[in-house]
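Each chain sits in its own coordinate frame; assemble them with the hints.
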Amino acid sequence: MAIEIEQPRVGLSKVAVSKTHGEDSPYFAGWKAYDENPYHETSNQSGVIQMGLAENQVSFDLLEKYLEEHSEASSWGKGAPGFRENALFQDYHGLKSFRQAMANFMEQIRGGRAKFDPDRIVLTAGATAANELLTFILADPGDALLIPTPYYPGFDRDLRWRTGVNIVPILCDSSNNFQITPEAMEAAYQSAESMNLKVRGILITNPSNPLGATIQRSVLELILDFAVNKNIHLVSDEIYSGSTFSSSEFISIAEILETRGYKDAERVHIVYSLSKDLGLPGFRVGTIYSYNDQVVTTARRMSSFTLISSQTQHLLACMLSNKEFSENYIKTNRERLSKRYDMIIKGLKKAGIECLKGNAGLFCWMNLSPLLEKPTRESELALWKVILNEVKLNISPGSSCHCSEPGWFRVCFANMSEQTLEIALERIHKFMEQRKRN
Amino acid sequence: MTQTRYSRSRSSDTEKENTGGGGGAAMRVIVPLQGVVQGRGGLVLGSIIPCALFYFLQFYLKRHRNDLDDQNNSNSPGQNSTTGSASSGKLAELPALTRNLSRGLPSPRSPRGPVSVSGRVSGIVKGADSPYYVGLRRVKEDPYDELSNPNGIIQLGLAENKLSLDLVKHWLAENAEQVILRNGKELSISRIATYLPFDGLMEFKVAVAGFMSQVTAKAVSFDPSQVVLTAGATPAIEILSFCLADVGNAFLVPTPCYPGYDRDVKWRTGVEIIHVPCRSADDFNLSIAALDQAFNQAKKRGLKVRGIIISNPSNPVGNLLSRDTLYSLLDFAREKNIHIVSNEILAGSTHGNEEFVSIAEIMDLDDVDRKRVHLVYGLSKDLSLPGFRVGVIYSHNEEVLAAAKKLTRFSTISSPTQCLLISMLSDAKFVQTFITINRERLQRTYALFVAGLKKLGIKCIKSSGGFYCWADMSGLIRSYSEKGELELWDKLLNIAKVNVTPGSCCHCIEPGWFRFCFATLTEKDIPIVIDRIQKVSETCKLN
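Chains as they are written, first to last, in the UniProt record's numbering: chain A, 1 to 438; chain B, 1 to 543.
None of these hints come from the bench; they were simulated from the model. Where is the CB? At the ideal position from N, CA and C, for every residue including glycine. Hints may be right or wrong, so weigh each one.
A few chain A residues that face chain B, going by a derived Cβ cut-off under 7 Å, partial list only [what the hints assert, rightly or not]:
hint	residue
1	Ala16
2	Phe60
3	Leu62
4	Glu64
5	Ser75
6	Asn86
7	Ala87
8	Phe89
9	Ala129
10	Arg162
11	Asn166
12	Phe305
13	Leu307
14	Thr312
Subject to a maximum C-alpha distance of 20 Å in a straight line, what follows is the list of computed DMTMM-like cross-link-like pairs (lysine to aspartate or glutamate) [to be verified]:
hint	chain 1	residue 1	chain 2	residue 2
15	B	Lys405	A	Asp35
16	A	Lys436	A	Glu405
17	A	Lys230	A	Glu266
18	A	Lys14	B	Asp246
19	A	Lys436	A	Glu354
20	B	Lys218	B	Asp427
21	B	Lys405	A	Asp156
22	B	Lys406	A	Asp156
23	A	Lys14	B	Glu399
24	A	Lys14	B	Glu272
25	A	Lys14	A	Asp140
26	B	Lys459	B	Glu538
27	A	Lys115	A	Glu249
28	B	Lys336	B	Glu272
29	B	Lys491	B	Glu141
30	A	Lys349	A	Glu433
31	A	Lys96	B	Glu141
32	A	Lys96	B	Asp142
33	A	Lys14	B	Glu398
34	A	Lys430	A	Glu418
35	A	Lys115	A	Asp293
36	B	Lys140	A	Asp119
37	A	Lys198	A	Glu183
38	B	Lys140	A	Glu85
39	B	Lys406	A	Glu85
40	B	Lys162	A	Glu85
This is chain B alone, in the form it adopts within the complex (with noise of 0.2 Å):
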């Protein structure tokens, strides 16, 4: 098992050099035994033994190429931002991490070569040069400002919503000294520095569960003692992974979907993710039929579906589940006896016309299936507080709950953070300001940026909340094809000097889709955007 450890950071290497190498060293092991072999019984021993040493070897091959078809497969861990930075003049980044493993090999100091790391590591390999990161890393270095770098590159490939920060800055600086450390009395630490419950405060879960239900325009009551919170919706995602699946067992989600699902729910839990194709002639909406196909499919390679994942509103086209899907997921969920996940971290940031619905509405009126239902949400989208961490859990699941909250504590809520929150999110005169100005804000700005790509002939779908714009822009691409797409990505990212995300990064099975982000930008940026994408959908429209 060791030799095999050794060999597999070994190969990385091998392969570099030459693809035929595995035959190469093979060979290098086994003349030399043929010869030591054929001393005594050697005939027999001296067939015997290269035969089995080329059967593992071949073993070992495959294994290998295995490996390698994950990293392929396995695509950028999602939201968070750049790599690079800062730090470059240290520390070894990607391109240098395989100079690390061969520059073990005949290194004097670990004769046999560098101490191992566990398989997950070589996951995140591919991952970073993915368009998602690369776009991210040259944004940071050479980021657009109005004053100072009226010629950088205009990020529209993160999905922050900067509309109502003021709002948010506002009451804070009213607020926020009282709040932390004092609550109205003597300033004492004690209260926010001793260990507190992991999954959270319960003075803070009454207030993100008032809050919740803010959002969804009161609907729902959301009960506190359903609630969990975690350090941001990502470990929210991946502790539902951990314990609704077991390794080896896969979700259903539907794409395009938020590129982060294939960290979150796969990386660290060893669980698959199906994922189930929409098509724009149904306008990227949720098709049963496509879902029962899947389930099916998976069935046949003998992959256990355990649960489906959907976003709603969903990232990136922006599209609200109606009610009644939400009722034929459901049947569809209990006919086949599976879990569904429902990722409403945008729901606040509706704004369209459309009545948002969450799949909490249902459960209230759905006694029998509570216990397949699990909500995800956050305040990182809907509230402009991505660096606070704030996710959150809610199940009727009692079992879901218990398992969830003793994760947390791995991924806990800092409390200083927990009891800011808890007095802004009991200012319901606040919190129903900001809902519907940042509403009005993101109609506003959508509108501006919809219309903008539409002078230019983009298409976009008509979305309904989230932050982002999926546009079509097929027709502008050489090749309708991946390759395609990302070469027009670089041309908008080093031409355009623009920062969009390329459809493949959101798995979507049709070439040419590309999802901007409008709510970083001002009123006053969106005509810059307009211009600079023209340029290269001018030089693509001669082409």
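Looking at chain A on its own, in the form it has when it is part of the complex (with noise of 0.2 Å):
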């Protein structure tokens, strides 16, 4: 029988063994209970419906249509002519001819209220790494970023993990619809300043994800002011800004710089993605839109870390620059999104369930406080696990939101088919129905 020598155990950083990825929250959990038992409509039609993942599928068909009509986007065309060129194109600035579709694409999308300066523009694979790109770049280890409550789970490990950067929270909550407001922003500054931590930005998401509801015009020059004021850093994440269901109720950062004549840009950075407005989570295509130079200048370095494949630049590019495309996908994005989204809130309301008033997103922001048996996070996070594990619905729990109020839901809908959207629904009218009665 061998003798067992034991070898010392060669060792691991703290950040590959710290928690800080928070993979082990609810929000993640959710999807593994998903992933165990999915729903699906002929097979498996009593499994889990997915309702925590913020995907839009409602608008393939329009990028299916664009690509079986224009093969050239994804074989460089006959004889691939620009295959080679592409392939060993791995420059950091990125293809200018999709940094200028993708300027295009973000004025086309602000109704050309704003505009974007291609050089401007830096590539990353997806939001996730642009987040966390400028977060190395805005804030040293230990420093804070103020985020407001409630927000994406993602950005606790997005922000924090490998940046050694804090997050301090802007406390929102519903007496006034979780919007921002001054004396908010202050008492996060206050609390950063108090734990000894230094801010050195603030980071909203506009518009936001869970609430999918925009952030009005006063509100952004209210924050916009106090990041002047206390000489910090703004980045804005308008990742969802193309998923307004009303193009005209969404005011980017862009445009109130543009009315201030862009006085204090230098501090605003704009992240922007095609995941969520054009459903190509996969293709893992980001941007930092930066007014600062020497952002701008360290971001495109940072970014060889988290380079687009030039083949997709070179897809994407085509795709984009075509405006009769562009223009009829947003539109119809748009109304179909809307659609979606009044579909959820009259069978919500049928069930007797509110949600706060949204108009963007692929989400809405559903109220259960007054069926917590206590309004903590602990009953929440019971109800959570009966709508999992009993009604088979996956949502998002508030808390893993960071949302001082427990009892509210993120409820995804674009990212299944209308009749898995019926069925969910009805599963959420018996259960409501069963608690009446009980």
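Now the structure itself:
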């Protein structure tokens, strides 16, 4: 029998073993339950319906139609001219044609109310990478970013894990529809100071995830004023900008800057991506748009760690520079999302459930606080477990979004067919009926 | 804390004006203060406060000096190409960087100065002026073209392989559209559009593992479940650095080495690199004794070494690590209980008669030490597809794999590219043909180029793999120093109009060595390049 010699275990870093990746939270646990028993229209009708993934599947047909008719986008055309240059292209500036197409697309989404310079666009493999990159650039380890609650659970990982930066929440609540107030921002700033954390910036998501609502112009002005006043950065994550149900309701920070003549612009940075608006998260396309030259230069160099495949850049450059396609896509996508939203709101209302009034995004912010035994996080998680295991719906509890009020849930509606959404609503209805009877 | 940060951006302006600037600034603060203070209990406060201020000033200056040293030491962020380019109009590129900072000072817009950025930004300031980057920029501005720009600069500084792209292009022309969207069925985008595992589709891992196996002539069988895919080898190296070392720890890196390690290993991780020089007397082969010495020196300095990073085939020399050396390396790593990262990105680009042995082959035999060895691979070199961004981390260490997988969310490969390459790599016949023909072409071009240099009296280290000739041009430099080397580099760039990489960029300890990438050249180009180099070598010999 062999003698077992104990070898000293070769160690890993703190980053590798830390839990800051946050993947043990309920937000991700729900996905596990879904993975183990996924709903399927025909083969698994009693499975878990995924309503925790903010994916946009409502406009795939438009993409497919374009690709069907423009094979040169996906194959460099007959005989593949241009392939050689494309295959060798690893310049972190990114394909000029693609940056131009992105700039145009971003302008179209904002109804032409803001202009974007392609040379200020830095490309990254997804908005996840863009947010992390900006954090690396704007803050040092131990510093803090202020983020309004509730916020996207992924921020805990994306902004903190490798960067060593802290998140200090700006608390928002339902008393004013979760809007950001100067008092809340100031309180967060003071809180950071009292913990000896240097605040380097404020990060907002507009339209908001998980609220599904755009930030009003007046509030944006206040946020920018706050950033100027404290001499900190302002990052505006606008990845749902193309998913507002009505074009006129979204105000970008770019528009605010334009009206101010770009005064104080060097502290403002916009994050965008095609994962939500174009429904292409698999393509991994994100951008940083910064009005700060130093940030652009640094971000560009740092993007070496997260470049977008040149093949993908080529494909999307073709697609997005086709004005006919992009205009039609934006318009149609908006209409379809709006329709879905109406459908889910009506369905929830019938079941006696209210939601925050939303106007954007791939989800709604549902209020189940009347159903809680006690207004606590534990009660909320208990309710979430019941909905996951009995009603078989995976939705995201507000606590995973750091919501200070228990009982709110984020429910995604765009990552499934209309039929599946009907089924989900039926299940909720049944559940609520049962509750009433008990 | 706020004040110090603001002052840091201020001081680079003061620094430029006069090197004694620190003292001047201090007096401007202290004198009026003394005046205020001498009013009441003045003598005591009047002496304590200025002393305290001076103490803090010296402390602050000392810290700032260290920052400058860091900037001087950290080299160019390697492989990626140019800065400059068409965007120059709108953006302030590096020389203007400090201008931005000084511009912010009296600005009425922001009375407290420009909003500050992290310390990481300064890390790249010096890098952009390194010969590596300057050369790339110059080529971009004035690229050689046989017909349209015969006097342009010929690129020998970028490790690209253009010799066999036609093979890949041919395959694509026949197969691409089918593969990406249809996969033999109805056109459907949902397969590639939605969220996919961040560390790569399993199908793609299988295809890549198979390719890696073919590249090592089936000597190793790679397990797809131990493959983590990243957007290029660059993030693969960075992810491993994050996983294997903490801030302030170090890796041993034999030099001369790939210039990009300074960025990939150190920049955002806060990890250090300790260079372990290899010598021409050893043909720049790895010396375990040198590693040992470096390890001990690091220990004395209080630096914890977490691993060794080797490249096999090596960049820039083109050496292969022998089986014996790999075993010795493993013994060394075991003795010190550290990791080994083996960058084998050129494994498929061997062209000599020596046998290439992947460290994975050793791993298959040695069960005990599997947990300390990690392989980095990618398709940028062997398949000439740097634009597609495909990198690999291969490890038997479950913890490393688990952490690395999570980190790939920041560096995921685009799905249409994965789909395309699944098909390409699964075409075994194509892969075999490609590997064989590519090797032949590399061998031929290498032989021609080395012969050409030999005619000029320039010797190269015998290389068995990669795209480089590592040439000894010390006979042509005026002073046997980095300065002399850079003077020659400049002549080569501006007179001979060839862009090559000086050994100092690769942290070579002996001056006069240069790296020439020959895989961007056609056979026709070689005599032209040799001719041009001759112009400079003749004038150097005369001096």
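Quick rundown of the hints versus the structure:
1. Ala16: Interface hint status for A:Ala16: holds (4 Å vs cutoff 7 Å).
2. Phe60: holds, 5 Å
3. Leu62: violated, 10 Å
4. Glu64: holds, 5 Å
5. Ser75: Holds - the Cβ of A:Ser75 comes within 7 Å of chain B, reaching about 4 Å at its closest.
6. Asn86: holds, 6 Å
7. Ala87: It holds, given that the least Cβ distance between A:Ala87 and chain B is near 5 Å, below 7 Å.
8. Phe89: holds, 4 Å
9. Ala129: A:Ala129 check passes; min Cβ-Cβ to chain B is 5 Å, inside 7 Å.
10. Arg162: holds, 6 Å
11. Asn166: For A:Asn166, the interface hint is violated, since the closest Cβ of chain B sits about 14 Å away, which is over 7 Å.
12. Phe305: holds, 5 Å
13. Leu307: With a minimum Cβ separation of about 5 Å from chain B (threshold 7 Å), the hint on A:Leu307 holds.
14. Thr312: With a minimum Cβ separation of about 4 Å from chain B (threshold 7 Å), the hint on A:Thr312 holds.
15. B:Lys405 - A:Asp35: Holds, because 18 Å separates the two Cα atoms, which is no more than 20 Å.
16. A:Lys436 - A:Glu405: The given pair, whose Cα atoms are some 23 Å apart, is violated under the 20 Å limit.
17. A:Lys230 - A:Glu266: holds, 14 Å
18. A:Lys14 - B:Asp246: holds, 6 Å
19. A:Lys436 - A:Glu354: holds, 16 Å
20. B:Lys218 - B:Asp427: holds, 16 Å
21. B:Lys405 - A:Asp156: Roughly 17 Å between the alpha carbons, so the hint for B:Lys405 and A:Asp156 holds.
22. B:Lys406 - A:Asp156: Status holds; Cα separation ~14 Å.
23. A:Lys14 - B:Glu399: holds, 12 Å
24. A:Lys14 - B:Glu272: Holds - the C-alpha atoms of B:Glu272 and A:Lys14 are around 16 Å apart, at most 20 Å.
25. A:Lys14 - A:Asp140: With a Cα-Cα distance of about 17 Å, the restraint between A:Lys14 and A:Asp140 holds, given a limit of 20 Å.
26. B:Lys459 - B:Glu538: Satisfied, since the Cα-Cα distance of roughly 15 Å is no more than 20 Å.
27. A:Lys115 - A:Glu249: Holds. A:Lys115 to A:Glu249 sits at ~18 Å (cutoff 20 Å).
28. B:Lys336 - B:Glu272: Holds, because 18 Å separates the two Cα atoms, which is no more than 20 Å.
29. B:Lys491 - B:Glu141: Holds. B:Lys491 to B:Glu141 sits at ~17 Å (cutoff 20 Å).
30. A:Lys349 - A:Glu433: holds, 13 Å
31. A:Lys96 - B:Glu141: holds, 16 Å
32. A:Lys96 - B:Asp142: holds, 19 Å
33. A:Lys14 - B:Glu398: holds, 16 Å
34. A:Lys430 - A:Glu418: holds, 18 Å
35. A:Lys115 - A:Asp293: Judged against 20 Å, a Cα distance of about 17 Å means the pair holds.
36. B:Lys140 - A:Asp119: holds, 17 Å
37. A:Lys198 - A:Glu183: Satisfied, since the Cα-Cα distance of roughly 19 Å is no more than 20 Å.
38. B:Lys140 - A:Glu85: Holds. B:Lys140 to A:Glu85 sits at ~14 Å (cutoff 20 Å).
39. B:Lys406 - A:Glu85: This hinted pair is violated, its Cα atoms lying about 32 Å apart.
40. B:Lys162 - A:Glu85: holds, 10 Å
In summary, the structure is inconsistent with hints 3, 11, 16, 39 from the numbered list given earlier, while agreeing with the others.
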